[in-house]
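All chains should be built: construct the whole structure from the sequences, respecting the hints.
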Amino acid sequence: MDKAILEVHNLSRSFGALRACDEVSLTLKAGEIHALIGPNGAGKSTLIKMLAGEIEPDSGDILLDGKSLRGVPAHKRVHQGLARTFQVSSIIPEYSARQNLFLALMGASGSPLGFFTRTSTDTALTKPAAALLDEFDLSMRADIPAANISHGERRQLEVALAVALQPRVLLMDEPMAGMGTDGTAALTSRLQELKQRVPILLVEHDMEAVFALADTLSVLVYGQIIASGTAAEIRSSRAVRDAYLGHGKS
Amino acid sequence: MRRETLFNFTLAGGLLGLAIVAWFVDEPFVITLLTKVFIFAIAGTGLNLALGNGGLVSLGHAAFFGIGGYAMAILASHAQSFEPMVIGPLTFDGTKSMPVIWLVAILASAFAALLIGLLSLRTSGVYFIMITLAFAQMIYYFAISWPAYGGEDGISIYVRNNFPGLNTLDPIQFFGLIALLLVIVLWLSSTLVRSRFGVALDATRQNAQRVTSVGLSPFTIRLIAFVISGAITGLAGALYADLNRFVSPSMLSWQVSGEIMVFVILGGVARLFGPLAGAALFIGMEHYLGGISEFWQFWLGLLLLIVVLWGRGGLLGVVAGERRHG
Ligand SMILES: Nc1ncnc2c1ncn2[C@@H]1O[C@H](COP(=O)(O)OP(=O)(O)O)[C@@H](O)[C@H]1O
Ligand SMILES: [Mg+2]
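Residue numbers (our numbering), protein chains in the order written: chain A, 1 to 250; chain B, 1001 to 1326.
The hints are all genuine.
Now the in silico label distances, taken between C-beta atoms and shown as ranges:
(1) A/D58 to B/G1125: 24 to 32 Å
(2) B/G1013 to A/T121: 24 to 32 Å
(3) B/G1013 to A/E56: 54 to 62 Å
(4) A/A17 to B/F1295: 56 to 64 Å
(5) A/T121 to B/I1020: 32 to 40 Å
(6) B/I1020 to A/S120: 29 to 37 Å
(7) B/W1310 to A/K127: 41 to 49 Å
(8) B/R1003 to A/T121: 21 to 29 Å
(9) B/N1167 to A/P145: 47 to 55 Å
Bear in mind the hints are in silico, worked out from the structure with no lab data behind them.
Backbone N, C-alpha and C define an ideal beta-carbon position, used for all residues, glycine too.
Structure, rendered in structure tokens:
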């Protein structure tokens, strides 16, 4: 339970004069959900982007299973087991949910793309896609363009795409955003289940969900981690209350 | 049957039928015109892969068309003059064999597309349009100032190249050969589009971020598409040079890039038969309107404007009653 899979060491990144992430360190262990909370603009998404390899850190290091990810491009990090979901749903709009999953499964396989076999009849894609659609309650809406499914369904698809990659670490950037109470509750229990399979670094604004799910919490304010600990520790921390919990969550 | 499919069959059948009628009533000029349409359709099908499926607006496909043309002319000119070409310590005889020429044209234009793609695919949008145009212009000026192969005057080939078992100088036989190649290229294109690669390519056009986040490299996918696209257009260039038995730097000019793009846009971007429909419409207008009015390009421009402003799906979009690329 306590082996660190993902280690972040003193990661920093500035945009001009703005230090979006300032010497951030944290670890993610097997079987846990590590929640990252903090006000808007704290640098949470910037951290996720650096972990995923979409932007370069100015300094610091990221270790996956003790191996540095420095210089590893974003798409190769996926093959090493790092998957992420986006704060704003990022799907292929003209593709159906099923075709979106085909794409993810193609990426997950890690093998070169074929030029001649039709995807629509390729059982290596159709079978796992159908299973995932079922698991994520998307079967009824599987074949209309993903641009036309509801916001809640798109959020589900977003998670399904990450799960399709069979990651070893899941980075989730505000998966509950705009989900409504029912959706949030459903996703909460889904993540509860999911963390048995894959540890999750969870950025989330919904405090109820965070306290229900998180084994460990870190609080990020102005790019710095001001507190880290168990849910109980964070809840009772003065510094955290002053800096964050006391204010509106915007 | 879907309306688009029905239209595709009608279009292809109509053009083939027209060629056969022209053969019976002995109108070789019409057959030659149709041959030109089919060759341009092959060139457009190549571009469509990059432009339509990949969203890569290349204004430099004349480079590949011209390289294909020069590949043909260089090989055939050495064969007709019986002077082997000398590259360093190696010497090669030229050849008049179409299959060999096609292979060389495909490989040469694919290699050019690889180099141009490696450099230009790091940019996007207007920059990509400009950099592809710039590369094509560089090759154009290179051809003009290359005296060994005709410079500005180009190269004439006296007799059309050979294909086993055919008399390629007979217009209907040459047309049949081109028609067969068009069928193969269309089959290849439709197969590619439905394959894993095609699915990833279209996804890259729509949302590259998502493609990256599932572990695929948009750059590599685009590069492969650009190379295949250039290779197909290069093949068309070799065929076009063979049709005219002549090649000159004008095959490499930016107007040719523009025309190939016009075929695609007129016919319907990302539609399998779009380039064929566009090329048929273009050549038809050029020939028939060109006979009536010197300003046929004005009418072409007007038509293009209408297509771009109101019928983004091109001719086939109007037929199918829907748009691609929402
Ligand atoms: N690409 C960028 N260029 C400039 N500033 C950026 C960029 N990305 C994020 N920022 C800034 O960095 C800070 C942190 O942003 P972000 O990581 O998105 O915060 P959070 O996800 O915690 O709300 C914000 O002030 C934001 O405006
Ligand atoms: Mg954010």
